[in-house]
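Peer 1: Given next are the chains, with one letter for each unit.
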Amino acid sequence: MSVGTGLTGRHDAGATRVDGGAARTGGTGPRSWLGAVRTATGGMLRHKVQAFVIGMVLLVSTASATLGLALLAASNSPFTHAFAAQRGADVALTVNTAKATSAELASTRSVRGVTAATGPFAVATIQAQFQGQPFGQLTLAGRSSPGGPVDDVVLNAGHWPDGPGQLVLNGTPGPGPGPGYGPGGPQLGSVIQVTGVPGKPSLTVVGFANSITSTADGWVTPGEMAALRAPGAPLSSQMLYRFTSAGDYAQIRADVAAVSRVLPAGAVAGAGSWLTAEARAGGNSAIMEPFVVAFALIGLAMAVLIVANVISGAVIAGYYRIGVLKSIGFTPGQVVAAYLSRVGWPALGGCLVGVVAGNLLAVPVLHKSAGAYGVGSQQVPLWASVVAPGGMLALTMLAALGPALRAGRLSAAQAIAAGRAPRTGRGYAAHRLAARLRLPRPVGLGLAAPLARPARTLVTLAAVAFGATAVIFAVGLHSSLSRAAASQELTTTVPVQIQEMGPGGGPQGPTAAQTAAMTAALRAQPGTAHYVTLYGNGVKVTGIAQNVRAFAFDGDSSWTGYGIVTGHWYSAPGQVDVNTAFLNASGLAVGGTTTVNTGTAQVTVRIVGEVFQPSSEPRLYGSAQTLPGVATSQNFWQVDVGLRPGTNTAAYIRSVNSALGSSSPYAAVTPSGGQFYVIAIALIGLLSLMVAIAAGLGVLNTVLMTTRDRVHDLGIFKSLGMRPGQVLTMVVCWIVVPAVLAAAIAAPAAVALNTATIHAMASSAHTDVPASFTAVFSPARLALLSLAALVIAAAGALLPASWAARARPATALRAE
Amino acid sequence: MGPMGQQHAPGAPDDVIRFDGVTKSYQAGAPPALADVSLRVAAGEVAAVMGPSGSGKSTLLNLVAGLDRPTSGTVTVAGRRIDTLGEGALARFRARHVGIIFQFFNLLDDLTVEDNVLLPAQLAGTSRRRARARAAELLERMGIERHRDDYPARLSGGQRQRVAIARALVNSPELLLADEPTGALDTATGQEIGRLLRELNAAGQTLVLVTHDPALAQRYAARTVRLVDGRVVDGRVMSGQAELAADAITGGRA
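Read top to bottom, the protein sequences are chains A and B. The letter at position 496 of the first sequence is residue 496 when you use the working numbering, and the numbering goes up by one with no holes. The letter at position 34 of the second sequence is residue 34 when you use the working numbering, and the numbering goes up by one with no holes.
Simulated from the structure, these hints should not be mistaken for laboratory data. Be aware that one or more of the hints could be misleading.
[What the hints assert, rightly or not] What the simulated footprint calls covered on chain A by chain B, stretch by stretch (three residues with Cβ under 8 Å from a Cβ of chain B suffice, anywhere in the stretch; the number is not a length):
1) 432-444
2) 716-726
3) 801-810
We treat Cβ as the ideally placed atom computed from N, Cα and C, and that holds for glycine.
With the hints as constraints, model all of the structure from the sequences given.
Peer 2: In structure tokens form, the structure reads like this:
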């Protein structure tokens with residue numbers, strides 16, 4: 001008998017070639033030692049299927065780990081990192097150019113404490129129109145390039161203006177893009193009309209960019225600025241500075257004072273600091289972090305689980321060959337080295353490809369997360385691209401080392417016996433039960449099989465459970481955030497608002513005639529179902545040191561649809577609703593009373609409800625009657641409008657604006673929702689898809705490995721008359737029981753995870769949430785979503801099942 | 001007329017196996033495992049296939065059983081050409097017409113003796129009641145009915161081979177193929193199995209036996225087909241019977 005053809009004398013194409021190595025086995029010197037190991041490894045690598053499985057597992061796991069680590073890094077103080085990377089401006093100084101020359105502005109670069117400065121950039125505030133509708137005011141700066149020693153603007157789409165009539169907007173393209181943009185906002189190529197200046201020039205959007213501290217709403221070429229300045233408006237420029245010390249508002253004030261001292265009196269018109277931008281971004285970042293971290297950890301845990309399972313299984317499957325190697329003289333050390341090498345080379349290949357794949361996958365994901373965190377761009381940190389493959393490779397070696405060391409200690413006979421011994425004592429009861437059930441035999445055989453390899457089955461179950469949990473969690477989170485978005489932005493109940501959009505308004509608010517015009521315009525529309533005027537002003541509330549923003553509704557507001565956390569919307573005089581920040585600041589609870597000083601009156605109010613309005617600012621809502629002095633024209637905020645079902649919103653807005661006239665400073669618009677929810681929902685979808693795919697690939701790999709382990713049994717089944725369709729059914733059924741158990745685990749886990757995440761996000765946003773935000777899983781919906789486990793498992797098992805079904809019986813029977 | 005002077009005769013109507021010019025190659029450029037083999041086995045016959053290691057014995061058996069496909073030539077078993085059948089049809093054919101006994105038994109360790117024997121009947125769609133009755137009958141005939149609820153790991157080699165024989169017969173196949181049926185057994189046990197096979201043949205079972213043991217072939221087979229390097233070199237009828245093989249065998253000398 002020849003080892004090269006297997007102990008049975010049967011031809012085995014994958015047999016270890018050890019002819020050259022065997023002669024040198026146990027020989028002197030490291031070269032002969034390594035030579036034997038190298039020869040054995042080369043023979044083993046001819047097992048293409050196993051090498052492919054190992055490589056594939058490491059590819060998917062390393063990509064998942066890279067992406068997971070990148071997300072964790074991206075969620076760790078994203079604003080701080082982006083501010084440093086983009087050389088954010090500590091202070092953006094607006095200067096009256098008529099009072100300070102360019103030389104004087106240049107001299108501010110050498111003021112003590114200034115570490116870098118750029119500018120002056122001409123700035124102008126324009127009134128904009130988009131698609132014929134008022135688009136609000138935009139502050140534009142003329143810059144010839146996005147880069148610089150301060151405020152390195154990151155271009156996210158398109159190109160920087162390089163000619164007349166071109167505009168780059170601060171933010172991301174739609175739908176629902178950027179701060180201040182509503183749904184269906186500007187895209188690349190959109191035209192923004194500038195009103196209020198001679199000639200009403202048009203600007204074409206050629207790009208979207210991010211200034212970490214939003215030093216401008218948009219940028220044009222320096223030569224464009226002259227045409228954008230409204231007649232009579234002051235010539236303004238912008239200087240951007242970084243200082244040695246700018247850690248708090250006191251230092252910022254001192255820095256601004258130092259610069260102002262070298263400029264003529266009255267030259268400084270205003271100053272904005274990075275602290276404001278950080279506070280805004282930090283809110284979003286804190287809200288995003290819980291679910292980003294949740295997905296990152298799921299991806300990492302799954303990667304570790306799958307690698308450990310597949311690698312240890314691969315070594316154990318090779319015990320027979322280990323016995324053969326020892327029988328021809330391999331030392332235990334050589335055996336261990338050969339097996340570590342056997343799994344190591346394909347694992348290394350998988351890791352290298354996986355880290356590249358992870359970096360590529362991270363591009364769209366980090367693009368979305370950057371938008372949500374309000375930073376210019378995020379990249380995979382270098383350390384993640386080292387730690388992920390290094391960690392996975394180390395895990396591979398660790399998973400292989402245990403079984404390899406054990407095999408090295410076994411005698412040749414023991415290793416051969418361990419590799420060929422029948423599996424005794426496991427799964428017998430399951431097979432007996434399956435045989436008694438009146439199920440098609442292939443189904444029964446498949447359902448019972450997993451119990452013969454309980455450890456591998458558990459790991460597969462865990463992988464499917466992770467994947468299904470991610471999918472169900474993602475669907476729930478999508479629903480929860482959609483409800484939060486609708487509740488916060490009132491997008492479904494208040495699809496139209498009338499706001500002050502242009503000149504002619506002012507601090508005194510709408511005149512009686514303007515108010516009458518708005519009312520008449522709304523009443524004239526057949527689509528108008530409800531409308532109510534909202535007024536807002538700061539008030540003092542007993543027990544709260546800071547100003548409280550009070551909103552008074554002049555009319556029926558019961559239809560506006562504010563999300564109620566607890567209690568109810570006010571329904572009688574003397575009742576108010578408040579947000580969570582109010583309750584936290586005041587120490588009161590729903591049902592309590594407090595005293596409100598509106599400036600013109602002091603009233604006692606009863607808190608009847610807590611509303612969902614994420615903000616660190618305490619807010620209070622009541623009727624104009626309950627809050628006297630708030631509902632005055634100078635406190636005009638907006639008119640909320642509800643539409644009849646079936647009314648076309650865009651057409652309605654056009655009709656109202658037509659009725660109001662183009663000279664009116666007040667116009668109907670769609671509410672400007674922030675991009676946070678849109679980006680968060682998109683990110684959730686992307687992450688859950690990746691986790692589900694990784695889980696499916698994990699199942700594929702373990703089923704492939706099991707199929708390969710049981711290929712001889714498959715040959716027996718085929719020789720007894722099992723048809724290809726029956727083989728496929730049996731192999732798919734291997735995964736059914738683990739998948740059903742995984743579904744039973746995933747469903748409650750996802751519900752709990754969704755609830756915990758929503759509450760964590762809400763806590764970061766200084767708010768509680770209505771119970772409806774987390775009650776997104778009806779029993780029927782949960783049951784349907786639980787099928788995700790079966791889908792993931794079946795998808796992963798189908799390919800190896802097809803391979804098993806197609807394999808020739810003779811080939812399968814020859815396998816060991 | 002063949003190169004050995006044999007006359008080619010048309011296949012007899014009761015031929016269970018018929019190979020016509022069958023060649024099987026595993027690798028292009030390498031010598032074929034079987035080269036231009038033509039062969040007949042009649043119903044009720046016991047044919048032994050012998051040859052040194054690598055001569056193509058197992059390949060021939062695999063082709064008869066439909067476990068593999070020829071590279072060229074035709075294979076007809078139980079009156080049906082099987083070289084053109086798809087995998088599904090081959091599986092159905094195997095379940096109904098061919099029983100296979102392997103050298104190392106190839107029993108399924110997770111299943112009891114009874115479940116092992118039942119499996120081919122279940123795969124063929126036989127009713128539960130009929131399958132169990134047939135299994136019980138075979139287990140009793142093989143003398144292992146008391147082991148019906150045991151697992152293969154607890155049985156001796158001879159007992160396992162008896163289980164394998166019972167399994168091979170559960171669907172009452174026209175043809176029984178045995179690949180080194182006594183190769184993993186001690187002499188005494190091997191003789192027991194040999195006697196069992198002869199009893200089956202005496203009852204009319206067609207049997208093809210692959211063996212390297214000339215004593216086994218001489219004792220139990222009416223005819224021996226010798227293979228060397230994939231070619232039939234001798235298809236003599238043993239024990240003084242008429243040289244019927246000369247009518248049925250073609251192929252060049254090694």
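Peer 1: Now look at each hint and say whether the structure bears it out.
Peer 2: Tested hints:
1. As drawn, the segment 432-444 of chain A meets chain B at 5 residues by the rule of a beta-carbon pair under 8 Å; at three or more, the given contact holds.
2. Counting residues of the segment 716-726 of chain A whose CB falls under 8 Å from any CB of chain B gives 11; the rule of at least 3 is met.
3. Three residues within the 8 Å Cβ limit are the bar, and the segment 801-810 of chain A against chain B gives 5, so the coverage statement holds.
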